[in-house]
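Once you've looked at the hints, dock chain Y against the given chain P.
Spelled out from the first residue to the last, the chains are:
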Amino acid sequence: MQASPLAHHFENIEKQSHAERLGMWLFLASEVLLFTALFAAYAVYRYLYSDAFAEASRAIETWFGLVNTIILVTSSFTVALGLNEAVKGNGKKTGLWFAVSVAFAIAFLALKAVEYSHHFQEGQLPGRYYSFHELQAPGASLFFSLYFLITGLHGVHVIVGMTILAVVGVKAARGKYTAAYHTPVELAGLYWHLVDLIWIFVFPLIYLV
Amino acid sequence: MSPSHASDVPVYNPRNYLNSPATGLKSWLLTQDHKRIGVMFLVAASVFFAVGGLFAMLIRIELLTPGPTIMDAMTYNRLFTLHGVVMIFLFMIPAIPSGFGNFLVPLMLGAKDVAFPKLNLLSFYLYMLGAVVALYGMIHGGADTGWTFYTPYSTTTVTKVVPILLGAFILGFSSILTGLNFIVTTHTMRAPGIGWNRVPLFVWSIYATSIIQILATPVLGMTLLLVAVENAFGWGIFDPARGGDPVLFQHFFWFYSHPAVYIMVLPAMAVISEVVCAFSRKNIFGYKAVAYSSLGIAFVGFFTWGHHLFVSGQSAFDAGVFGVLSMFVGIFTAIKVFNWTATLYQGSIAFKTPFAYFVGFLFFLVFGGMTGVAVATVSLDVHWHDTYFVVAHFHFIMVGATVMAFLAALHYWFPKITGRMYPEGWGLVGAVMVILGFNFTFIPQFLLGNEGMPRRYFSYPERFWALNVASTAGASVLAMGLVIVLVYLLISLKWGPIAGPNPWHSRGYEWDTASPPLPENFEETPVYTRGPHEYDEDSYANPPPVAPEPKHAS
Chain P
1 MQASPLAHHF ENIEKQSHAE RLGMWLFLAS EVLLFTALFA AYAVYRYLYS
51 DAFAEASRAI ETWFGLVNTI ILVTSSFTVA LGLNEAVKGN GKKTGLWFAV
101 SVAFAIAFLA LKAVEYSHHF QEGQLPGRYY SFHELQAPGA SLFFSLYFLI
151 TGLHGVHVIV GMTILAVVGV KAARGKYTAA YHTPVELAGL YWHLVDLIWI
201 FVFPLIYLV
Chain Y
1 MSPSHASDVP VYNPRNYLNS PATGLKSWLL TQDHKRIGVM FLVAASVFFA
51 VGGLFAMLIR IELLTPGPTI MDAMTYNRLF TLHGVVMIFL FMIPAIPSGF
101 GNFLVPLMLG AKDVAFPKLN LLSFYLYMLG AVVALYGMIH GGADTGWTFY
151 TPYSTTTVTK VVPILLGAFI LGFSSILTGL NFIVTTHTMR APGIGWNRVP
201 LFVWSIYATS IIQILATPVL GMTLLLVAVE NAFGWGIFDP ARGGDPVLFQ
251 HFFWFYSHPA VYIMVLPAMA VISEVVCAFS RKNIFGYKAV AYSSLGIAFV
301 GFFTWGHHLF VSGQSAFDAG VFGVLSMFVG IFTAIKVFNW TATLYQGSIA
351 FKTPFAYFVG FLFFLVFGGM TGVAVATVSL DVHWHDTYFV VAHFHFIMVG
401 ATVMAFLAAL HYWFPKITGR MYPEGWGLVG AVMVILGFNF TFIPQFLLGN
451 EGMPRRYFSY PERFWALNVA STAGASVLAM GLVIVLVYLL ISLKWGPIAG
501 PNPWHSRGYE WDTASPPLPE NFEETPVYTR GPHEYDEDSY ANPPPVAPEP
551 KHAS
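Heads up: the sequence lines are chains P and Y, in that order. Quick note, the first sequence lines up with residues 1 to 209 if you use UniProt numbering. Quick note, the second sequence lines up with residues 1 to 554 if you use UniProt numbering.
Just chain P, with the same shape it has in the complex (with noise of 0.2 Å):
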């Protein structure tokens, strides 16, 4: 059916594996770096304008990110669950899973970009474009620049999450991983969890806090 997954470096498939699993996880460093860069500038600036961030963090609607937070978390779960069935060799039970936890991504996806509009409707924009008239402290229009950009940002790796997962919820479908090799199947997971993994820290710092 296809070629052995054993490519032509690698001594053997547990060598192969533990390189993968191994280049995963360092990729998964660099990007937390990519958004802790955000984070900081998030935190220097809620230091300097505290009371325009509380501000501006009431001003736009808890409940979306609540819902969201629990989408992606459930999602996190069918993933897991899609895993496991991985490691029994379950193949199509896989495809399934993933295909549920796309589903959960789009609907992520759809809520966020109903945000979004309400967003655009009230000028709650960044920097030159902000016109919310209810806010106007200083500082007030870098929190929703600081918001699209790390919510923006997300929204490029549920993106691109998604699209891991339907490819190899697919290639997961038609067998090509068994129980003794499913490490894409691992790898796919484990950067669906780190989206996960962000939004938990972006839910408190922009909502709640």
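Derived from the structure by calculation, the hints contain no laboratory data. Owing to the predicted nature of the structure, the values given are computational and were not obtained by experimental measurement. Each residue gets a CB set at the ideal place from its N, CA and C atoms; glycine is no exception.
A few chain P positions that, by computed beta-carbon distances, are all more than 12 Å from chain Y:
#1 Leu66
#2 Ala99
#3 Leu109
#4 His118
#5 Ile159
#6 Ile200
No farther apart than 27 Å at their CA atoms in a straight line, the calculated lysine-lysine pairs in the DSSO-like style are these:
#7 Lys176/P x Lys93/P
#8 Lys92/P x Lys171/P
#9 Lys176/P x Lys118/Y
#10 Lys88/P x Lys176/P
#11 Lys118/Y x Lys15/P
#12 Lys171/P x Lys88/P
#13 Lys15/P x Lys171/P
#14 Lys26/Y x Lys494/Y
#15 Lys171/P x Lys118/Y
Showing chain Y alone in chain P's frame:
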């Protein structure tokens, strides 16, 4: 061990990575062979080195006389920005790690390839894409911000900073992927017998570099993206008019860009550790100290960024802390310098071209490092800040060390990469001109800076004239030296004498295969029972003849 030491008669290896599996352009552009990718990186980086060097020469000609010489102020601003961007992002950061690292790391570990060959090729294309995007910005208007893109100026300038920022952002991805590949390769693909205490020092240094690449580059990527967003759409992150903080940019920028200095210098140290062993025919003195000090530099490098902000309104306490932390780098560097010097002791030194560059390297590293400790001292830095003293300092340490190591590597591994030798006599002539030219270029700049000539200005008072002429004269010698090197290396590609598998009789693992190496690196996976730098007692007491005499076939 492979039988490469058996014969002293050099034979060209007929089946090698250069001609198999195919020789066409497509077989190169779509290759996943780390050796071919390394060569492509080397060629591209060398071209950019020439471009950046040309800009440098134009800058020096402009500064030959006070007032306008060959260009107006705006052109000058663009030129020094492009010089910095090209040299740093397109040459110094990728040249040794992505070029020589790609070629050598798997060979030195007895592996068939890097862990992720496709990712490796992607990294090369990201590099080219980043270069094209940045060059687009340069051709259509350029930027006048300096390579540091300091805000708030970079967010308001009308020159084309956005494509250059995006280009640098894409180059960052290339850097991250290469670093990731090397770390995974070093962890998982070492041949039997290569424990952590037998990993060649070159690989150790590249490994430390990779850690910095993975951890620091994303922060720079984000920062450059923020500046681009701000310049294009006015989002206000660093704009004081909208409540933003321009100094925050400096913190972010130097959080990457100071460690990036070690992305340039650590690979240079990687090369030097190999060269010093091969040309003194001795095992390295203090293997572990040299290996771990690389990690030390990588670690401490993350806590030094604040020394760029001594005059940006930082508190005196912060400045003191960053000053002291910066000096720690000097300690780790000194560990290496002393160990290299101790390696020479009672060695059987072959004063070949790579060794000449080693000597130059040592001078530039120590002199540049000492002035580095000086500028890490707050009170002194306040005097020298933004003067030519700083320009001279970072050229000595970054450019001096990196270019010396790059040229040493080019000569030392030339036979491995091409299977041919370069002419030794011309090699030494080139080395002497490059090293002397470099000194004559930048020593006057130390003096200029100390007398108060500010950097980045295209004109200056007449009292700085003489030293500027000296500097430009030195730059001409340097340029001529580099042209000589380029010419004889290009000639040697086709007409150089056949080198044989190991012309230096080096003990480095990478020499245990044919030159040029087989497409799959080794006939069979090698098994090692010795360290990578272990020369026998009698191998340096009675050294074998090093390198065949160069003869040009007509």
